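Based on the provided sequences and hints, a complete structural model is requested.
Chains as they are written, first to last, in my numbering: chain Y, -11 to 265; chain X, 40 to 352.
Everything labelled a hint here was simulated from the structure, so no lab data went into it.
Errors might be hidden in some of the hints.
[As the list claims (entries may be wrong)] In silico DSSO-like pairs for lysine-lysine, Cα to Cα no more than 30 Å straight-line: (1) X/K216 x X/K278; (2) Y/K212 x Y/K186; (3) Y/K(-7) x Y/K208; (4) Y/K(-7) x Y/K226; (5) Y/K(-1) x Y/K217; (6) X/K82 x Y/K219; (7) X/K81 x Y/K219; (8) Y/K156 x Y/K123; (9) Y/K123 x X/K343; (10) Y/K219 x Y/K156; (11) X/K82 x Y/K156; (12) Y/K217 x X/K275; (13) Y/K96 x X/K221; (14) Y/K96 x X/K60; (15) Y/K260 x Y/K(-9); (16) X/K343 x X/K275; (17) Y/K46 x X/K60; (18) X/K60 x Y/K156; (19) X/K278 x Y/K217; (20) Y/K123 x X/K82; (21) Y/K226 x Y/K(-9); (22) X/K81 x Y/K123.
Because the structure is a prediction, the values reported are computed rather than measured.
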Amino acid sequence: MDKAKKQQLAKLAAQVRLDIIDEVHAAKSGHPGGSLSIADILTYLYYEEMHVDPADPKSPSRDRLVLSKGHTAPALYAVLAEKGFFPREELLQLRKIGSFLQGHPDMKHTPGVDMTTGSLGLGISAACGMALAAKLDGLDYRTYTMVGDGESEEGQVWEALMFAAHYKLDNLCVMIDWNGLQIDGPVTEVMNPTPHDKKLEAFGFHVIVANGHDFDDIEKAFEKAKTVKGKPTAIIFKTVKGKGVSFMENQVGWHGAAPNDEQYEIAVAEIKAKAKI
Amino acid sequence: MADKIATREAYGQALAELGEKYNFVVLDADLAAATKTGVFKKKYPNRHFDCGIAEGNMMSVAAGLAAAGKIPFASTFAMFAAGRAFEQIRNSIGYPHLNVKIGATHAGITVGEDGATHQCNEDIALMRTIPGMTIINPADAVEARAAVEAAILTDGPVYLRFGRYAVPVINDKETYKFELGKGVQMRDGSDLTIIATGIMVDMANTAAEQLAEQGISARVVNIHTIKPLDREIVLKAAKETGAIVVAEEHSVIGGLGAAVAETVCEGCPVPVVRVGVEDTYGRSGTVPALLEAYGLTPANIVEKAKQALALKK
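What follows is the structure, encoded as structure tokens:
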């Protein structure tokens, strides 16, 4: 990836992070930790990888993203707003009555949201259904789904993985956000679902491990995924929960808590300083 | 003697027959032989997807298919559809109001010998609580076939309830017209109304005949669409006959009996007495023995009718 593009993506991701902080601060609740950990990946997906058109959000041939870890909706909303699916001002209405930005993604009311999610384990299955539909309709769109590392403790995730491999859904890309933390503590201590790489391989996936905060690595992973035929691909993204806000990084307490006014100012200043915006 | 056909048989045949007219797909969870979606699979192998013994995944896969414009039928036993996969149906299908048809077979006590773990007497209650869910419980093979087509033509989630046990065909295939959400008056009467659904409709007719012999005039109404409920026909029955018995092969809690009682209490309070599986589990046995043991008989409908009449002021 050339330097200019990388800088541009970094700037966009910084804006997405600012939006996430704005959203959660305005809502006084929400999930900043896991939103910040996927900010770079979602930025890359929507700006470089996926074929989507904000003017035609329901196009049958569009690529799709199912945010299986639906509680990190602030990251998805931020990217969708930046892309122009809906006005940015709406972000500050997150979780408020009357807003179409629900606490968890709602496909019926939010332009650009491809699947209603929030209950863990369900989204990845729906993504399998979309990938199967593409095959049945002879369309070449791809379906991406973001699964949390903690979410992978849900049995249904493994039912879906079995299904994807069984039906050779090579148009499906499963992403695991390996940030290592869930509500009750470190993922490996709460209920260890590792090793993801070996398990996913055994389930019939082509497995890629990548740094979820390095755009070169992210690009390489997605480019490779597209070349894999006859089986689905899983990308295990190593990420940092709370990435970009020093006091939130690797802190389990920031899974589902909003910053107060003082913390908000510090977070915004930090992100801006780092991105020089 | 009328032909006897299980509604699950009619379901499988309807899918196979309608497969040419409508572009739907069928999912099953290792029960294609029992749910009868295997009949469709034989004809359209490329449109039938076995999901294995993973019902939760199947329901959410169906949601994804529907979100991408397909019309999926997702089939398994009622216990594993409404029971096991309740939350997937609620969150993946119901909440986004996706166009998924749930073909739930082996509903109720007439599962027979397999016993309580497989006898789902709670599915109507569970499905009724999901906003926007349509629930159809056909009385016979003719109605079952019509219900499948009506489900295809209805946008949004539909729960279709079918039985394992062969029951008499009571509707005329040539003249039958299915109207979603409309109750069917099977026979008129003035002393009370028996409101029945599914396999209990035939028994309600028999009970009405027995009541007639005793000088009691019973109206019989078949409710195939439990949700949305035909409030008009229910309130009309309350107003005109002043007493109601509801008969269903389902728990007396939360099913059609509850739906009718709720409607009548709010709209035209008259006695409502329920015939159904009392607050208990099923068990193994032959179907006739189970129907007898759990009071799903014309004789019990007659007895409850007399109770309702006694309560009538």
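Each hint tested on the structure:
1. X/K216 x X/K278: Holds, at about 26 Å.
2. Y/K212 x Y/K186: 19 Å, holds
3. Y/K(-7) x Y/K208: Satisfied, since the Cα-Cα distance of roughly 14 Å is no more than 30 Å.
4. Y/K(-7) x Y/K226: 22 Å, holds
5. Y/K(-1) x Y/K217: This hinted pair is violated, its Cα atoms lying about 34 Å apart.
6. X/K82 x Y/K219: Distance ~27 Å between X/K82 and Y/K219 Cα, so the pair holds.
7. X/K81 x Y/K219: 26 Å, holds
8. Y/K156 x Y/K123: Answer holds: Y/K156 to Y/K123 is near 10 Å, not above 30 Å.
9. Y/K123 x X/K343: Judged against 30 Å, a Cα distance of about 55 Å means the pair is violated.
10. Y/K219 x Y/K156: 5 Å, holds
11. X/K82 x Y/K156: 23 Å, holds
12. Y/K217 x X/K275: Violated. Y/K217 to X/K275 sits at ~62 Å, over the 30 Å cutoff.
13. Y/K96 x X/K221: Holds, at roughly 29 Å.
14. Y/K96 x X/K60: Since the Cα atoms of Y/K96 and X/K60 sit roughly 29 Å apart, the hinted pair holds (cutoff 30 Å).
15. Y/K260 x Y/K(-9): Since the Cα atoms of Y/K260 and Y/K(-9) sit roughly 20 Å apart, the hinted pair holds (cutoff 30 Å).
16. X/K343 x X/K275: 20 Å, holds
17. Y/K46 x X/K60: Measuring from Cα to Cα gives roughly 26 Å; hence the hint holds.
18. X/K60 x Y/K156: Since the Cα atoms of X/K60 and Y/K156 sit roughly 28 Å apart, the hinted pair holds (cutoff 30 Å).
19. X/K278 x Y/K217: The hint is violated at about 66 Å.
20. Y/K123 x X/K82: 20 Å, holds
21. Y/K226 x Y/K(-9): The given pair, whose Cα atoms are some 22 Å apart, holds under the 30 Å limit.
22. X/K81 x Y/K123: 21 Å, holds
Checked against the numbered hints listed earlier, the structure breaks hints 5, 9, 12 and 19; every other hint is satisfied.
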